[in-house]
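Trainee: Now for the letters of each chain:
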Amino acid sequence: SAVISQKPSRDICQRGTSLTIQCQVDSQVTMMFWYRQQPGQSLTLIATANQGSEATYESGFVIDKFPISRPNLTFSTLTVSNMSPEDSSIYLCSARQGSETQYFGPGTRLLVL
Amino acid sequence: RKEVEQDPGPFNVPEGATVAFNCTYSNSASQSFFWYRQDCRKEPKLLMSVYSSGNEDGRFTAQLNRASQYISLLIRDSKLSDSATYLCVVNSDRGSTLGRLYFGRGTQLTVWP
Numbered sequence: 158s159a160v161i162s163q164k165p166s167r168d169i170c171q172r173g174t175s176l177t178i179q180c181q182v183d184s185q186v187t188m189m190f191w192y193r194q195q196p197g198q199s200l201t202l203i204a205t206a207n208q209g210s211e212a213t214y215e216s217g218f219v220i221d222k223f224p225i226s227r228p229n230l231t232f233s234t235l236t237v238s239n240m241s242p243e244d245s246s247i248y249l250c251s252a253r254q255g256s257e258t259q260y261f262g263p264g265t266r267l268l269v270l
Numbered sequence: 372r373k374e375v376e377q378d379p380g381p382f383n384v385p386e387g388a389t390v391a392f393n394c395t396y397s398n399s400a401s402q403s404f405f406w407y408r409q410d411c412r413k414e415p416k417l418l419m420s421v422y423s424s425g426n427e428d429g430r431f432t433a434q435l436n437r438a439s440q441y442i443s444l445l446i447r448d449s450k451l452s453d454s455a456t457y458l459c460v461v462n463s464d465r466g467s468t469l470g471r472l473y474f475g476r477g478t479q480l481t482v483w484p
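Chains as they are written, first to last, in my numbering: chain V, 158 to 270; chain F, 372 to 484.
Same shape as in the complex, but just chain V (with noise of 0.2 Å):
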C-alpha cells in the first residue's frame, strides 16, 4: 500500500491570494492525481500529474488556475491561484501503482474568505 501525506492540513485564504498544497507519497508510484471533495458532493478530477511534463486537466480545470507539478515519482503539488470563495473546498492528493488500488491523501480543506 502507499502513504500519502498532505500539507498544509488546512488553511484559511484571503481571496485573490495563491495557496500551494504539497503531497508527498512514501513510494514511487506511476499515476498522481489531484481532487476536488465538496460537501456533500462526490470527488471532482481535477488534473493528472505527470512526471517531468505538464498535466493533463479535466473538463472545467485549467492550468493558469491550477498549475501543477510533478518533479519526480513521490512528490506533487497543486496551486490554487487568485482564489475565491467558490474555491473553498477540500483538495486531495491520490496516487496509483499501475492497476492496484488507488490511495487518497487525508485532504487539504480550504476555506477561502
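Hint data in this document are derived by calculation from the structure and do not stem from the laboratory. Where is the CB? At the ideal position from N, CA and C, for every residue including glycine. Please note: incorrect hints may appear among the correct ones.
Said to hold, decoys possible - Okay, derived cross-link-like pairs now, DSS-like style, lysine-lysine, Cα gap no bigger than 25 Å in a straight line:
#1 F:K450 - F:K416
#2 V:K164 - F:K450
#3 F:K450 - F:K413
#4 V:K164 - V:K222
#5 F:K373 - F:K416
#6 V:K164 - F:K373
Unchecked claim - Here are the computed distance ranges between Cβ atoms for each label pair:
#7 V:Q198 - F:A438: 25 to 33 Å
#8 V:I169 - F:S424: 23 to 31 Å
#9 V:F218 - F:S397: 15 to 23 Å
#10 F:A438 - V:L270: 45 to 53 Å
#11 F:S452 - V:G209: 37 to 45 Å
#12 V:Q198 - F:A388: 23 to 31 Å
#13 F:L445 - V:G209: 42 to 50 Å
Fit chain F to the known structure of chain V by using the hints.
Mentor: This is chain F only, laid out in the frame that chain V set:
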C-alpha cells in the same frame, strides 16, 4: 448523464440490520469497479473491488451486473462502525486520461444502537 449514479440516502438502520446500496454506471466499456468507504472528514479508502462473479468479504458482498450496468453492496449484521459514506467507483478509459476513476456521490449510512 453522470458517469456513476448512486442513491445518496441517508440510510439509518439499527445494529444487526442488513442494508443494500445500489449504483449504476453509464459507460458500458468500464473495466473495473470498486466500493470505497469515506468516514466523516477523512479520505476515501478502498472497501472492496467488485468482480463479475460477485465477491464476498466477511459481512460485505459486492455484485456486478454488466448487462444492466449495475453494482450493489450488501452489508449484513450492521455494526456501529459501519457508519460512513459508501462511494461507488468505476474505472474507465475516457478522453485523455487512461484508467481514471469516476466516483458516485456516495451513500450515507448511519447504524444506530
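Trainee: Does each hint fit the structure? Answer for all of them.
Mentor: Here is what the structure says about each hint:
1. Of the supplied pair hints, the one linking K450 of chain F and K416 of chain F holds, its CA atoms being roughly 18 Å apart against a limit of 25 Å.
2. Only pairs whose Cα atoms come within 25 Å are accepted, and K164 of chain V paired with K450 of chain F is rejected, the gap being roughly 33 Å.
3. For a cut-off of 25 Å, the pair hint linking K450 of chain F to K413 of chain F stands: about 19 Å separates their Cα positions.
4. Between K164 of chain V and K222 of chain V the CA atoms are separated by roughly 19 Å; this keeps the pair inside 25 Å, and the hint holds.
5. Restraint check for K373 of chain F and K416 of chain F: the C-alpha separation of about 22 Å stays at or below 25 Å, so the hint holds.
6. Proposed proximity of K164 of chain V and K373 of chain F is contradicted: the alpha carbons are some 31 Å apart, above 25 Å.
7. Hint check: Q198 of chain V to A438 of chain F, Cβ distance near 30 Å, so the stated range 25 to 33 Å holds.
8. A C-beta distance of roughly 49 Å is found between I169 of chain V and S424 of chain F, which places it outside the suggested range of 23 to 31 Å.
9. Checked against the given bound of 15 to 23 Å, the beta carbons of F218 of chain V and S397 of chain F, roughly 21 Å apart, stay inside it.
10. Taken as a hint, the range 45 to 53 Å holds for the pair A438 of chain F and L270 of chain V, whose Cβ atoms sit roughly 50 Å apart.
11. Remark: the range hint 37 to 45 Å for S452 of chain F to G209 of chain V is upheld by a beta-carbon distance near 43 Å.
12. Checked against the hint of 23 to 31 Å, the C-beta distance between Q198 of chain V and A388 of chain F comes to roughly 27 Å, which is consistent with it.
13. Against the hinted window of 42 to 50 Å, the Cβ-Cβ separation of L445 of chain F and G209 of chain V comes to about 44 Å, which satisfies the hint.
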